[in-house]
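There are 2 protein chains.
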Amino acid sequence: MSDIITAIAPVNIAMIKYWGKRDEKLILPLNDSVSATLDTNVMCAKTSVCARPDILENEIWLNGIQTSFSNQRLQNCLNSIKAIAREQQSVNEELLSWNVRICSVNNFPTAAGLASSAAGYACLVTALARLYKVKTDVSKIARVGSGSACRSVYGGFVRWHAGVQADGSDSIATQIADSSHWKEMRVIILVVADTKKHISSVKGMSCAVKTSELLKYRVQVCAPTRVKQICEAIKDKDFSTFAEITMKDSNQFHAVCLDSYPPCVYMTDVSHKIVEVIHKYNEICGAVKVAYTFDAGPNACLYLLEKDVPEVLSLIKHIFPTTSDDFIKGLDAPTTHIDLVKEIPMNPLEPNLLKYLIYTKLGNGPQVITDESHLLNAQGNLL
Amino acid sequence: MSDIITAIAPVNIAMIKYWGKRDEKLILPLNDSVSATLDTNVMCAKTSVCARPDILENEIWLNGIQTSFSNQRLQNCLNSIKAIAREQQSVNEELLSWNVRICSVNNFPTAAGLASSAAGYACLVTALARLYKVKTDVSKIARVGSGSACRSVYGGFVRWHAGVQADGSDSIATQIADSSHWKEMRVIILVVADTKKHISSVKGMSCAVKTSELLKYRVQVCAPTRVKQICEAIKDKDFSTFAEITMKDSNQFHAVCLDSYPPCVYMTDVSHKIVEVIHKYNEICGAVKVAYTFDAGPNACLYLLEKDVPEVLSLIKHIFPTTSDDFIKGLDAPTTHIDLVKEIPMNPLEPNLLKYLIYTKLGNGPQVITDESHLLNAQGNLL
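Going line by line, the protein sequences match chains A and B.
All letters in the first sequence, in the order written, are residues 1 to 383 by this note's numbering.
All letters in the second sequence, in the order written, are residues 1 to 383 by this note's numbering.
Hint data in this document are derived by calculation from the structure and do not stem from the laboratory.
One or more of the hints may lead you astray.
As the list makes no split between identical chains, a pair holds if one copy fits it or if it spans any two.
Within a straight-line C-alpha distance of at most 30 Å, the following computed BS3-like cross-link-like pairs (lysine-lysine) qualify [said to hold, decoys possible]:
no.: 1; residue 1: 228; residue 2: 197
no.: 2; residue 1: 280; residue 2: 203
no.: 3; residue 1: 317; residue 2: 196
no.: 4; residue 1: 235; residue 2: 210
no.: 5; residue 1: 307; residue 2: 196
no.: 6; residue 1: 196; residue 2: 280
Whole structure, please, built from the sequences with the hints as guidance.
What follows is the structure, encoded as structure tokens:
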């Protein structure tokens, strides 16, 4: 039997969005995308894997619940890594013949509607690569699990190249800069209280590819230009350019969703209120100090610099009052209260439109952990 | 002194939207647009004008309130018509030298956020053209008052041609078909309870022209194709094509608004709920029976055929319950109750998300009225 291998992997949030595949099966995107990888100390997926002769069928447990292994994407990941292991003769054939048990958890609420599959697949692929001792670009394998998972394979700022090859061999992620490059960058995730069932990303992007005429123009003209510009802005630590492109691309992504038929709507009135608050704040500051971005759901992700965190947190708490006594999760938040009330001409909204905030920063890529805090015991059973 | 001239003019609702000018001053649009003109018996503007030597300055009264005449668009309309009158020598110079008093009212609540300026300018231009006895294409003059007003100059289905001339001489409206062509067409306007201040159309479209990259593609590729297709669908009375293009173009218009920077958001959660209900209803019917379209505000305008009105009204009343006893305004609405509850898998929402409905149909263009129901008395004073 194998050792228990455990890995953790980060969530990533895209500034230039991935929306639309050129190949559904290989998960090849229509355009390059760019993201930031978040600190695994605040949010991460954790996955333990083992291979044993006494496991009768491949098994996967997600957040404590056994789930079907028939998921094609999951099988693609496992099969890809095993194929490489055979090619590289990295482990013996016996290990490769055994079934696996996979146990994965997220340390952040799945209710947050945050891209947990990216962290999950990046984590799984990292653990399996170690289990089978393969040396390979794991981003390519994470990609066939969940497209954006390939970006969670690196820390800092990451670019997923759409590539041009039909087999997807050049559709990989590369690091633009590591997490130490722009130390001051902070992230606040605003989790919007929302009960609406949203259209899955898979369905939403497939509908957009089939029906949105504007997506074509985005893919051909807008996204490539923005990718180039934001990579420069990241290298130069030019926050206002970074922020403006981020906001514009979030808006364009949601515009394309709305241009789909039937339209896909992920942002709510509360999401749009957040947008309004940020634009008003930047306007009053006379500088772009905060950027918002929204994925396929109503939650906002704000990028800002550390120095502006106290003011922005107190702004958010003013406009979105809460009755929760555990409103800010994540890193220790500065408690300075700054009285923006007079300057921001916006009244507080009704309480509890936001469920909570997560305050975090950028971080590193996946890691195989060696502190023995596995999710499976030495016999390969769930702990 | 002149006679009192009184005109009425209709509201129009665009299926292919006008959003973006190629010339701000002459109000020349970037793309052709297509609309339907609504029955003046349900909604209209009414305007009385007179010219008298004893009026010391040009005066305008809108819905009972005197308003500044310094509005450039208003002056452009008056000056254009007077210039044509001089050219055509249609009236004597004395009449042209006198100041005018203009009194205009809408017979529908301005709170409805419905394009009242289109009806208003079409009405003004019709009345002034009669006052000065000019023979001209009034659509061109209405256009310099408010772009979409040029479409209210004709009944039935109307196309506003963007034109290519720099002086706007070919940016005129033409009738696609009169209101008797497609007698079965009905309109239900859903007035959404909403207190948000929306960005004006003038500002919104100017921002889109400056900042939306997607608008370029819409103007060059999408809108021209749709205009051609919907004109054919109107001629052929092909409802499902008409409806699908209408919905797609409404969505694309709002997508372009969202792609502007900062984004313009006119639709609310309630608007999007209406969209969802219509798509679900069409899906259950297995046919496109209703189309929605949204202008620069949260209110929906539904196009449907007369035979489907009872079912759709009972659907709306089911999903959007009301406590109002005057919920349906306009034409006499069929009272048949149809039990859709079991078929539409959507529960009623909280009461009073909609303020009221206006049930109406297509109608004719502006008319000079001769029944003496003027808004000014024989002395030119307000009644």
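Here is what the structure says about each hint:
1. For the homomeric pair residue 228 and residue 197, neither the shortest alpha-carbon distance inside one copy (35 Å) nor that between copies (37 Å) is at most 30 Å.
2. In the homo-oligomer, the alpha carbons of residue 280 and residue 203 lie at most 30 Å apart only across protomers (17 Å), although the nearest pairing inside one protomer, at 34 Å, exceeds that limit.
3. In this homomeric assembly, residue 317 and residue 196 come within 30 Å of each other (Cα to Cα) both inside a single copy, at 24 Å, and across copies, at 21 Å.
4. Taking the closest pair of Cα atoms, residue 235 and residue 210 come within 30 Å of each other only across two copies (28 Å); inside a single copy the shortest separation is 35 Å, beyond that limit.
5. In this assembly of identical chains, residue 307 and residue 196 lie within 30 Å of each other by CA distance neither inside one copy nor across copies; the values are 35 Å within and 33 Å between.
6. When the C-alpha separation of residue 196 and residue 280 is checked against a cutoff of 30 Å, the pair qualifies both within a copy, at 27 Å, and between copies, at 16 Å.
Taken one by one, the earlier hints fail for this structure at numbers 1 and 5, listed in ascending order.
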